[in-house]
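> Using the sequences and the hints, build the whole thing.
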Amino acid sequence: MPLRPLLSAACLAALIAVSVRFQLLTLPFVNRAPIERAMTILPDRGAWSPDYPRFLEAVRERTARGDSIALMVPARSWEGGYAYAYYRASYFLAGRTVLPVMLPNDRRLPENLNRSHYVAFWPGKPPAGTNVVFAGFRGALVRR
Amino acid sequence: MGFVIAAIVTTIVIGLPVTLAIDRHQRGAGLVGLSYLYGAGSVWALLLLMSLVRMPWTVLSTTIVLVVFAALVWAFVLFRTPELPRQSARNWSSLALVVDLATAFSLAAYAMYATVARVWSWDFWAIWGLKARVFVENRGIDWSFLQSPFNDFAHPDYPLLVPMNYAYTALVSGGWDDRWMGLGWIGFTVALVLIVRSMASREVPELPAALIGFATAGAAFTRYVGLADAALVACAAAAIVMIRRYLLFEDEAAFRHGAILLGLAASTKNEGVALIATIVIAVLVHEYAGAPRSASVSPPVASRLPAVLARLWPAIAIALPWIVIRTAAHLQTDIARGSFISRAIERAGAMVPIVATLLRQMPDPWIWLFMLVGVVLMTREARAAERFTFAAVVIQLFWYVATYFGTPLDVAFHIETSWPRVARHVEIPFLFVVMIALAQAALRRETLAHAEARPDLH
Numbered sequence: 001m002p003l004r005p006l007l008s009a010a011c012l013a014a015l016i017a018v019s020v021r022f023q024l025l026t027l028p029f030v031n032r033a034p035i036e037r038a039m040t041i042l043p044d045r046g047a048w049s050p051d052y053p054r055f056l057e058a059v060r061e062r063t064a065r066g067d068s069i070a071l072m073v074p075a076r077s078w079e080g081g082y083a084y085a086y087y088r089a090s091y092f093l094a095g096r097t098v099l100p101v102m103l104p105n106d107r108r109l110p111e112n113l114n115r116s117h118y119v120a121f122w123p124g125k126p127p128a129g130t131n132v133v134f135a136g137f138r139g140a141l142v143r144r
Numbered sequence: 001m002g003f004v005i006a007a008i009v010t011t012i013v014i015g016l017p018v019t020l021a022i023d024r025h026q027r028g029a030g031l032v033g034l035s036y037l038y039g040a041g042s043v044w045a046l047l048l049l050m051s052l053v054r055m056p057w058t059v060l061s062t063t064i065v066l067v068v069f070a071a072l073v074w075a076f077v078l079f080r081t082p083e084l085p086r087q088s089a090r091n092w093s094s095l096a097l098v099v100d101l102a103t104a105f106s107l108a109a110y111a112m113y114a115t116v117a118r119v120w121s122w123d124f125w126a127i128w129g130l131k132a133r134v135f136v137e138n139r140g141i142d143w144s145f146l147q148s149p150f151n152d153f154a155h156p157d158y159p160l161l162v163p164m165n166y167a168y169t170a171l172v173s174g175g176w177d178d179r180w181m182g183l184g185w186i187g188f189t190v191a192l193v194l195i196v197r198s199m200a201s202r203e204v205p206e207l208p209a210a211l212i213g214f215a216t217a218g219a220a221f222t223r224y225v226g227l228a229d230a231a232l233v234a235c236a237a238a239a240i241v242m243i244r245r246y247l248l249f250e251d252e253a254a255f256r257h258g259a260i261l262l263g264l265a266a267s268t269k270n271e272g273v274a275l276i277a278t279i280v281i282a283v284l285v286h287e288y289a290g291a292p293r294s295a296s297v298s299p300p301v302a303s304r305l306p307a308v309l310a311r312l313w314p315a316i317a318i319a320l321p322w323i324v325i326r327t328a329a330h331l332q333t334d335i336a337r338g339s340f341i342s343r344a345i346e347r348a349g350a351m352v353p354i355v356a357t358l359l360r361q362m363p364d365p366w367i368w369l370f371m372l373v374g375v376v377l378m379t380r381e382a383r384a385a386e387r388f389t390f391a392a393v394v395i396q397l398f399w400y401v402a403t404y405f406g407t408p409l410d411v412a413f414h415i416e417t418s419w420p421r422v423a424r425h426v427e428i429p430f431l432f433v434v435m436i437a438l439a440q441a442a443l444r445r446e447t448l449a450h451a452e453a454r455p456d457l458h
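These protein sequence lines map, in sequence, to chains R and D.
Counted from 1, the first sequence has number 91 at position 91 by this note's numbering; the numbering is strictly sequential.
Counted from 1, the second sequence has number 396 at position 396 by this note's numbering; the numbering is strictly sequential.
A portion of the hints provided could be inaccurate.
The following residues of chain R were derived to be distant from chain D, with all beta-carbon distances above 12 Å [unchecked claim]:
id, residue
1, 62
2, 81
3, 113
4, 123
5, 126
6, 127
7, 129
Stretch-level coverage of chain R by chain D, calculated; a stretch enters the list once three of its residues show a Cβ under 8 Å from a Cβ in chain D [said to hold, decoys possible]:
id, region
8, 11-25
9, 40-54
With the C-beta cut set under 10 Å, the calculated list includes, among others, these residues of chain D facing chain R [to be verified]:
id, residue
10, 68
11, 71
12, 106
13, 118
14, 122
15, 135
16, 211
17, 377
18, 378
19, 431
20, 434
21, 435
22, 442
Keep in mind that the hints were calculated from the coordinates and are not lab data.
Since this is a predicted model, take the numbers as computed values, not measurements.
Cβ coordinates follow ideal geometry from the N, Cα and C atoms, glycine included.
This is how it looks when you write it as structure tokens:
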């Protein structure tokens, strides 16, 4: 048999073989519960899981569309945790306005506390004497 | 899950008359695949229009608008062609059917992966899904959200086809629930596989065409669930394959598909906008490189070139509204901030480490390796015939690499977080032409495409 057709067939077979995602093809036959658990907590790893997203859901239930909520989390820097907390809050609290108290250059924005209808503290307790709307999942929502 | 399936089905139903309006002969797998892409495009366009005229997005208003749109397009289709042409019976081989079933199984397995949990990708809940959720809450595009300096992280300049389709799914579902949104996301991959399978069967027998479909299903799958790359890969790859078909076989319907799909690609991500320029240059390469060498005037432009380029107008027409809107709303692209050119010049000296990083982070290295081996095995005529696709792949990759040189971000970080995704954007059309050529060589067939490349026939 001429060489080109043989080599072409071999290369074609190789392309088909390397295109297959073998690991994924076993999914219908394995117990997917562990994968589901792992992927469910993947966005909120470490100290944030499982309470932070639950706290945000609770904040959502207790606020209305259009409310503004300042976010207080004990991250020392934007890349050190504040970015994640802010982006996550923006997702769960879509329809509300989430106001950061820190910028990507780590500059603090205390004025956003005064602009907001609510302040969400996570984790931790709000200052005494504040109007606590909700406390749970290691956080608290305060109405200004 | 039922509501998400309903959204997918209605997307296909909306896209069906659009597909037939573009190409009344389209049937089978290609019809379903194209209908999903055109349906997604129609959903995007109509929700955008509703936002611009301040019509709130509700289940009722959206349904009415989509039904009226579909009815108008059906009326157009049936007015032009009261009786749609029937497709002639095809010869199926049982082996090809087995391979097609294997493809369906693999797509089902991928769908299981994509829906194993609530969509978990960072870029879904920080960009694509976030915008969709905000818009659903706002019952339309929330311009104040997009324009807020605090929301730069959500890339407000990105085109909105994918978020709008997530929003549509939420409207059909009666509220936001991201548990099963991975199904709609993988719909783009399924659509692409159907289109590629259909296009392959026009050039090779059913068994190799089925094998090309099977390989495409694997190569097109991306683990970045929820991101817009799946939609871009689908629209971009389908556009390139269609325009290639026109250039080789003068299939007019394929060109119409290609031009519109190119516009939809530009409506999924900014890389799709760059693809329009890529396609223009690749068409120029195809036409100039294919010009008769014996011509005495210099250099002769193929007589059809201006007409071909002008007929790409649907791509511009579809992409332009969002480009105008985001400019008017001052939604800046982060890559364009500061001086892109001075950053690129500064980094020119670091070309070796940057290229080394790109090679280290290359996705699917074995697929790329065997594709390159396949190119070497192709005859000179076959390589010449496929110059459009090769040029499109090289040029698009060039834009991506150039972006890394001028990025305002840390280069290594930017490459690590994007290159494994974006390099896949052009993998499928490259895979398609190489596998077609290899199949033809293995079967010792010559096609019109490769005969077209022979200078003795000019």
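> Each hint should be assessed against the structure and marked as holding or not.
Okay, the hints, checked on the actual structure:
Every beta carbon of chain D lies more than 12 Å from that of residue 62 of chain R, the smallest distance being close to 16 Å; the non-interface claim holds. In this structure residue 81 of chain R is separated from chain D by more than 12 Å, as the shortest Cβ-Cβ distance comes to about 14 Å. Even its closest Cβ contact with chain D, about 14 Å, leaves residue 113 of chain R beyond 12 Å, as expected for a residue assigned away from the interface. Remark: the non-interface label on residue 123 of chain R is consistent with the geometry, its nearest Cβ contact in chain D lying 21 Å away (cut-off 12 Å).
With a least CB separation of 22 Å from chain D, residue 126 of chain R remains clear of the 12 Å interface cut-off, as annotated. Distance check on residue 127 of chain R: its Cβ is at least 24 Å (rounded) from any Cβ of chain D, clearing the 12 Å threshold; non-interface status holds. Under the 12 Å C-beta cut-off, the non-interface status given to residue 129 of chain R relative to chain D holds; the minimum distance is some 29 Å. By the rule of at least three residues with a Cβ nearer than 8 Å to a Cβ of chain D, the coverage given for the region 11-25 of chain R holds, with 11 such residues.
Residues of the region 40-54 of chain R lying with their CB closer than 8 Å to a CB of chain D number 3, which satisfies the three-residue condition for coverage. Annotation: residue 68 of chain D was flagged as interfacial toward chain R, and the flag is violated, the nearest CB pair being 28 Å apart, outside 10 Å. Restraint check, residue 71 of chain D versus chain R: the minimum CB separation of about 33 Å is more than 10 Å; hint violated. At a threshold of 10 Å, the smallest CB-CB gap from residue 106 of chain D to chain R is about 6 Å, leaving the interface hint in force.
With 10 Å as the threshold, the beta carbon of residue 118 of chain D comes within range of chain R, its nearest partner Cβ sitting at about 6 Å, so the hint holds. Hint status for residue 122 of chain D relative to chain R: holds, with the closest Cβ pair at about 7 Å, below 10 Å. At about 9 Å, the closest approach between the beta carbon of residue 135 of chain D and any beta carbon in chain R falls short of 10 Å, and the interface hint on this residue holds. At about 6 Å, the closest approach between the beta carbon of residue 211 of chain D and any beta carbon in chain R falls short of 10 Å, and the interface hint on this residue holds.
Against a cut-off of 10 Å between C-beta atoms, the interface hint on residue 377 of chain D holds, since the closest Cβ of chain R lies about 5 Å away. Restraint check, residue 378 of chain D versus chain R: the minimum CB separation of about 8 Å is within 10 Å; hint holds. Here the hint on residue 431 of chain D is kept, as its CB sits about 7 Å from the closest CB of chain R, short of 10 Å. A least Cβ separation of about 7 Å between residue 434 of chain D and chain R falls short of the 10 Å threshold, and the interface hint therefore holds.
For residue 435 of chain D, the interface hint holds, the least distance from its beta-carbon to any beta-carbon of chain R being 6 Å, beneath 10 Å. Residue-level restraint check for residue 442 of chain D holds (minimum Cβ-Cβ distance to chain R is 4 Å; threshold 10 Å).
Checked against the numbered hints above, the structure breaks hints 10, 11 and satisfies the rest.
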